[in-house]
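Residue numbers (this note's numbering), protein chains in the order written: chain W, 1 to 306; chain L, 1 to 289.
Since the hints were made in silico from the structure, they are not lab data. These figures come from a predicted structure and were not determined experimentally. Backbone N, C-alpha and C fix where the C-beta goes; we use that ideal spot for every residue, glycine too. One thing to keep in mind: the hints can contain errors.
[Stated by the list, open to error] Below 30 Å or equal to it, Euclidean Cα-Cα: the simulated BS3-like pairs (lysine-lysine) are:
{"id": "1", "chain 1": "W", "residue 1": "Lys147", "chain 2": "W", "residue 2": "Lys112"}
{"id": "2", "chain 1": "W", "residue 1": "Lys6", "chain 2": "W", "residue 2": "Lys162"}
{"id": "3", "chain 1": "W", "residue 1": "Lys6", "chain 2": "W", "residue 2": "Lys51"}
{"id": "4", "chain 1": "W", "residue 1": "Lys162", "chain 2": "L", "residue 2": "Lys208"}
{"id": "5", "chain 1": "W", "residue 1": "Lys112", "chain 2": "L", "residue 2": "Lys214"}
{"id": "6", "chain 1": "L", "residue 1": "Lys46", "chain 2": "L", "residue 2": "Lys80"}
{"id": "7", "chain 1": "L", "residue 1": "Lys64", "chain 2": "L", "residue 2": "Lys126"}
{"id": "8", "chain 1": "L", "residue 1": "Lys61", "chain 2": "L", "residue 2": "Lys31"}
{"id": "9", "chain 1": "W", "residue 1": "Lys112", "chain 2": "L", "residue 2": "Lys237"}
{"id": "10", "chain 1": "W", "residue 1": "Lys9", "chain 2": "W", "residue 2": "Lys147"}
{"id": "11", "chain 1": "W", "residue 1": "Lys162", "chain 2": "L", "residue 2": "Lys214"}
{"id": "12", "chain 1": "L", "residue 1": "Lys258", "chain 2": "W", "residue 2": "Lys112"}
{"id": "13", "chain 1": "L", "residue 1": "Lys237", "chain 2": "L", "residue 2": "Lys208"}
{"id": "14", "chain 1": "L", "residue 1": "Lys214", "chain 2": "W", "residue 2": "Lys160"}
{"id": "15", "chain 1": "W", "residue 1": "Lys160", "chain 2": "W", "residue 2": "Lys6"}
{"id": "16", "chain 1": "W", "residue 1": "Lys112", "chain 2": "L", "residue 2": "Lys208"}
{"id": "17", "chain 1": "L", "residue 1": "Lys258", "chain 2": "L", "residue 2": "Lys208"}
{"id": "18", "chain 1": "L", "residue 1": "Lys80", "chain 2": "L", "residue 2": "Lys64"}
{"id": "19", "chain 1": "W", "residue 1": "Lys162", "chain 2": "L", "residue 2": "Lys258"}
{"id": "20", "chain 1": "L", "residue 1": "Lys80", "chain 2": "L", "residue 2": "Lys61"}
{"id": "21", "chain 1": "L", "residue 1": "Lys64", "chain 2": "L", "residue 2": "Lys46"}
{"id": "22", "chain 1": "L", "residue 1": "Lys126", "chain 2": "L", "residue 2": "Lys80"}
{"id": "23", "chain 1": "W", "residue 1": "Lys162", "chain 2": "W", "residue 2": "Lys147"}
{"id": "24", "chain 1": "L", "residue 1": "Lys258", "chain 2": "W", "residue 2": "Lys6"}
{"id": "25", "chain 1": "L", "residue 1": "Lys64", "chain 2": "L", "residue 2": "Lys31"}
{"id": "26", "chain 1": "L", "residue 1": "Lys237", "chain 2": "L", "residue 2": "Lys214"}
{"id": "27", "chain 1": "W", "residue 1": "Lys160", "chain 2": "W", "residue 2": "Lys192"}
{"id": "28", "chain 1": "L", "residue 1": "Lys208", "chain 2": "W", "residue 2": "Lys160"}
{"id": "29", "chain 1": "W", "residue 1": "Lys160", "chain 2": "L", "residue 2": "Lys258"}
{"id": "30", "chain 1": "W", "residue 1": "Lys162", "chain 2": "W", "residue 2": "Lys51"}
{"id": "31", "chain 1": "L", "residue 1": "Lys31", "chain 2": "L", "residue 2": "Lys126"}
{"id": "32", "chain 1": "W", "residue 1": "Lys51", "chain 2": "W", "residue 2": "Lys147"}
{"id": "33", "chain 1": "W", "residue 1": "Lys192", "chain 2": "W", "residue 2": "Lys6"}
[To be verified] Under 10 Å between C-beta atoms, here's a sample of chain L residues computed to sit facing chain W:
{"id": "34", "residue": "Tyr102"}
{"id": "35", "residue": "Gly149"}
{"id": "36", "residue": "Val157"}
{"id": "37", "residue": "Phe176"}
{"id": "38", "residue": "Tyr180"}
{"id": "39", "residue": "Ser220"}
{"id": "40", "residue": "Asp282"}
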Amino acid sequence: MPLYLKPSKDEVYDLINQANPNLGFVASPLNVSLSAPAAATVSGQPNLNTKTTLSAVQGGDFMGRKEVFYRRRNLTSLFRGITVQIDLYRAPVASNQIAYTLYQLLPYINAKYGMSLTEDDLININVLYGSTVEGGFNTTTVTVTAKATSMGYIGSFALKWKSAPQDLATMIGVSELGGRLYPGGNDFTAHKRILNFMGYGTDWSAIFAANPWSGYPTAPPSASNTTQTLAWNAAIAAELARQYGESPIPSNSYAGWTGGAVIHTLPSAQLPEANSRYYNRCIVIGTNVASEDTVGVGRFYFHFNV
Amino acid sequence: MLQYPSLDSLLYYVNLANATAYTLTDLLVSKPQVVEGSWHEQVTLKNTVVRLSAAPGSPYKGNKQVVYDRLNLANLAGLKGFVVYAYQIADVHGLIPAIANYTGLHFSTTDLNNVPLVDNGDGNLKAVLTAHPDSIAWVGSVELIVRPGGVPLDEAVSVPNLPGLNYPTANDTDTFGAVYLYGYDFTTYFTDVSMIAPGVLSSGNADKLVTALKALDISSGAALWTNTDGATAWNLKGATVVSNGLNSSSLPTNQSYKYVMALNLAAGVITPAGTMYLHYNDPFDPNAT
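Extracted from the complex, chain W is given alone in its bound form (with noise of 0.2 Å):
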């Protein structure tokens, strides 16, 4: 259990259970309510600093009323020494808006510090975004303190919020990932034809620069040209067909396929597949929709060199 387990409010309660054990009835906020603590002092009772009256809730447990003393803790004695900190990242906004509220951050100095602090006992007030960075994170210290009306706290304490690095497990939130699959899907008892190892291995620098592809303004392809029109060419679908037994390309149009427009120079961050040891250019072209029933699923790599 924590340092301090309870809200004080309901320490107040046990204090008077604790105390006078032959009451009856075990006080609580069901039978017995207390007014708004107050200072106060006892005679030859150092450690007493307040006092409440305890009233009867009608027609219950008890009857009347009784004022006893008891002890506020000092937030500026019980964190004697101690800089409270709590590390918690904000995504950074203007300086001087609100990072967080106390009563944000009030969970997380309970965990940290034992402490069971609610709203009754402590003053709200924003935590600002500052212009203060410590080794990078952006930091802000404020005075937290008790409400006058707070069962168990007086004083105050200084709060030093640091705007921490973010928590993985905090900005993962989906942690379930979907979408890696086989092109066309996992089931493969309805699969399609997988493209994308069909002409991959294939050095297709000869076979473009001698039937250039429509947009080409010369022939062969030069480091100059970075896109061309999909057109069809039937020596692509003849070398497929040579090395595959078929092609897979059943029609003379690419209308609707994808991604062949561009012809990317390798090594590319897009393309970490392509093979840029030995090659410098390549054209991935995916098939759409339409055709994907008739021709296959995932895309062409075709690598060449220029």
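With chain W's structure known, arrange chain L on it following the hints.
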């Protein structure tokens, strides 16, 4: 004046009817007698007669009989608010203060027969209030359900100076070790911390702890931790490990840690004061899934 004590009530009506100002010390009141229909050959609807006599020492003499109505207790049944809470009351006479507290009816022990309260079978008690024949104000009988409760706070709270709230140590001028080290995670020093057995720290272990404390501490003692003879603050020399191992919900510790070491600094080392708890977990294994 329904709720007056019986004699006060009688006196009130004597004074009201006669424009007198007798007090209780002026008059002696005889035992009441029942009157039915007529009294001294005069028709009356009143049910009671008493003889009032001048009290010795009063400025009056002589006596006079008056007739009036004693009220039937039975009519109290069903009146809203005729409800009484009481705690550990055994009999009707014991219940009289509670009845006064809750209803204002100031019965005296001469008004009511004293009989034990009985269990009503539903967690409540039942009191049968029966007027004593000598009651000045009441006749008849009524059952009163006595609910448990009504403990007078001013009597029951006999210790109004409460021993708390407490700080972690008895001395509120201390720097509280229990709070001071509560927020630190010693997992990084798992190897050093977990190996330390309960008992007085060896100097080598004290040095290891000083290293860990200096690295983790961000507060006032951060640079001051030491393992030195005679230092009265931040000194691990001669400190005692009270326990070290699995955390327990019975300890005043952070339950999000698996292990905890309870450490007391040596006598004479007064800062920080009290038992300190060093929390740690199993070392983080980035390959564990």
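Is L/Lys237 close enough to L/Lys208, meaning Cα to Cα at most 30 Å?
holds, 12 Å
Would the hint linking W/Lys112 and L/Lys237 be met if the CA-CA limit is 30 Å?
holds, 27 Å
Interface hint outcome for L/Ser220 [beta carbon to chain W under 10 Å]
This interface hint holds because 4 Å falls under the 10 Å limit.
Restraint check for W/Lys162 with L/Lys258, where alpha carbons must lie at most 30 Å apart:
Holds, at about 26 Å.
Quick one, are L/Lys80 and L/Lys64 close enough, alpha carbons at most 30 Å?
violated, 37 Å
Pairwise hint evaluation, W/Lys147 against W/Lys51, where the allowed Cα distance is 30 Å at most
With a Cα-Cα distance of about 15 Å, the restraint between W/Lys51 and W/Lys147 holds, given a limit of 30 Å.
Going straight from one Cα to the other, do L/Lys61 and L/Lys31 come out at no more than 30 Å?
Holds - the C-alpha atoms of L/Lys31 and L/Lys61 are around 19 Å apart, at most 30 Å.
Is it true that the CA of L/Lys64 sits at most 30 Å from the CA of L/Lys46?
Given that 30 Å is the threshold and the Cα spacing comes to 16 Å, the pair holds.
Between the alpha carbons of W/Lys162 and W/Lys51, is the straight-line distance 30 Å or under?
Violated - the C-alpha atoms of W/Lys51 and W/Lys162 are around 37 Å apart, more than 30 Å.
Do the alpha carbons of W/Lys160 and W/Lys6 lie within 30 Å of each other, as the hint requires?
Within the cut-off at roughly 24 Å; holds.
Is the straight-line distance between the alpha-carbon of W/Lys192 and that of W/Lys6 30 Å or less?
violated, 64 Å
Is L/Lys31 within 30 Å of L/Lys126, Cα to Cα?
Roughly 29 Å separates the two Cα atoms, so the pair holds.
When the structure is compared with the earlier hints, violations turn up for hints 7, 18, 20, 27, 30, 33, 40 and for no others.
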